[in-house]
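**Q** Sequences and hints are given; from them, build the entire structure.
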Amino acid sequence: MKWVKAWACAMALAVAPAVAQTPSEAPNIDGLWAAHMRYGPDIRGALLIERRGDALIAEIAGVRAEARVEGREVRFDLPNDAGSFRGHFTNREASITGHWIQPRTMSGGMAMASPVTLARLRAGAWQGNVAPMEDKITMFLSIRTDEAGVIRAYLRNPERNVGVFQQIDRIERRGNHLTMIGRFRGRGQEQVFGEANYDHNNDLIPFHFAQFGVTMDFAQASPEDQRQFYSRGETPEAYSYASPPVLDDGWRTATLEEVGIDRAQIGALVERIAREPQESLATPQVHAMLIARHGRLVLEEYFHGYGRHSAHDTRSASKSMGAILVGAAMRNGAPFTVQSRVVESVDPALLPATVDPRLASMQVQNLLTMSSGFDCDDDNGDSPGNEDAIQEQRNERNWWRFGLAVPMARDPGTQAIYCSMNPMLAGAVVSHETGRWLPEVFAEQVAQPLQINRYFLNLTPTGDWYLGGGAQFELRDFMKMGQLVLNGGTWNGRRVLDREYAEQMAAPLVEMQERRYGYYWWSQDYPYRGRQVRAVYAAGNGGQIVMAVPELDLVIAFYSGDFGHRAALTAQRVYVPEFILPAVN
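Residue numbering for the sequence shown follows the working numbering, starting at 549 and increasing by one per position.
Treat the hints with caution; some may be incorrect.
[Unchecked claim] Just the calculated beta-carbon pair ranges, DEER-fashion: (1) Asp602 - Arg945: 30 to 36 Å; (2) Asp810 - Arg1114: 26 to 32 Å; (3) Ala671 - Ala1055: 50 to 56 Å; (4) Asp1073 - Arg1042: 28 to 34 Å; (5) Ile605 - Pro575: 53 to 59 Å; (6) Glu695 - Asp810: 38 to 44 Å; (7) Asn749 - Glu772: 22 to 28 Å; (8) Asn749 - Glu621: 54 to 60 Å; (9) Pro771 - Arg1114: 27 to 33 Å; (10) Gly672 - Arg1042: 33 to 39 Å.
These are calculated hints, taken from the structure and not from any lab test.
Computed from a predicted model, the values in this text were never measured in an experiment.
Yeah, the Cβ is synthetic: ideal placement off N, Cα and C, and Gly gets one too.
**A** Dropping the structure here:
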């Protein structure tokens, strides 16, 4: 699994084992322990671009580079691959608008692009703020001794949930020596995951993971660690509802009562999430929950140390944002439709030397509904087009070219099979038909009209936005997708998508995984007051949900950290049908 490999790579830069002079017996180690790894980036803060003679010089964090100017476009690359910038002059050079590109992260394995606007300081000088995504890994180790004297433990990792793979059953102790024992993904033979000699001098458990050749120093959890590990602290206060504040993001707000939602029932759900006993990997890890009705945001709650301005990995839920990008590009004049042939809508240089007749017949809508006919299946490790096969190969840096060369397995349109290569290739269509860099298209045609000012787009090795999933957004912004569905393609009166496209995007067009699917949007029916109501939703691994219920004019959004675990389905299967929908009048 690529997440395990990414984690292993990140751990390889962890601190070296602590040198400990210890007694022969470790003390009682029951409790919560935490290890933190931060990988920067340290290039951040004020970015100045200034004309000096005939040159345009960029400076940030004490590092300089000469910018290249071609027409309105401004680009530069810092030395040693420390970061780069792509933008363009706007408003008669009153500003420079673009994206900062931070290097490949250790926590996620991809470079990330985030928006930056530089305002004119004076003639020939512009300045703005670069705030890249924090690249960090946090590991919690919960230890308790059961009634039989067995030291039980499990790992909790909010960024990737690597404890799902390193499923620890127990810690065995011989004097000062501690051995972490479990099974990979909870299956197969028991194995030793880590070993440590308790460091009495520093009160640390420096577990060495031989499989990855790294050591992680676990210290007793600080108050901040406890705030992140527990939903709202080990002993949360009683919940008190407050209406969300009005900000500059376009959301109007109201109280639950003003839009016909029962406060007591929603309060009971918040209390349940806040008081979830953190006992195992099966405990749902809700990071954020928001609700809007009649176009007004009425609930905004955060847990586990996350907050309003926490950008979150959306995993495959950002495929749905990719569908919006495709529709926005068409509305803004890109010369293609959903019936366009894929081979005629991508850069010809990306096509294989011999084009399969089935590939030649493939339409853009086949990519949008996962019915392309490629031999790609994310649930089949042997599929040549599955997501891992694309991301782990090193022979072809251009993933679009790699994808278009994947063999065909069936006629387009005959069967929908979930594969992230399909939205990835939809990005190749938008790029070619607009003639522009995808983050730039997104910024102008989606983010700007949706009033989204902060995000992080994950990039392929060639610098293209990977539409297969993994972009990061704040939840107040990400849930605007659901309101766009309810509004038939508009946000605050501004049209982003043509109505026909918006309706098709959310329609149940194909059957896949025993559910219905549109253009990267799922749909299913929920029981509601003696009848069924249809919900349309974006979904991502770990519990990332943006759900629109048109009949109730309702949007529900969750961020969660249950990556790779069935607990990720708790919001869809429990919280929505048993708490939220019954509260809606």
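**Q** Next, verify each hint and record whether it holds.
**A** Verification of the hints:
{"no.": "1", "hint": "Asp602 - Arg945: 30 to 36 Å", "in the structure": "holds (34 Å)"}
{"no.": "2", "hint": "Asp810 - Arg1114: 26 to 32 Å", "in the structure": "holds (29 Å)"}
{"no.": "3", "hint": "Ala671 - Ala1055: 50 to 56 Å", "in the structure": "holds (53 Å)"}
{"no.": "4", "hint": "Asp1073 - Arg1042: 28 to 34 Å", "in the structure": "holds (31 Å)"}
{"no.": "5", "hint": "Ile605 - Pro575: 53 to 59 Å", "in the structure": "holds (57 Å)"}
{"no.": "6", "hint": "Glu695 - Asp810: 38 to 44 Å", "in the structure": "holds (42 Å)"}
{"no.": "7", "hint": "Asn749 - Glu772: 22 to 28 Å", "in the structure": "holds (23 Å)"}
{"no.": "8", "hint": "Asn749 - Glu621: 54 to 60 Å", "in the structure": "holds (56 Å)"}
{"no.": "9", "hint": "Pro771 - Arg1114: 27 to 33 Å", "in the structure": "holds (31 Å)"}
{"no.": "10", "hint": "Gly672 - Arg1042: 33 to 39 Å", "in the structure": "holds (34 Å)"}
Checked against the numbered hints given earlier, the structure satisfies every one of them.
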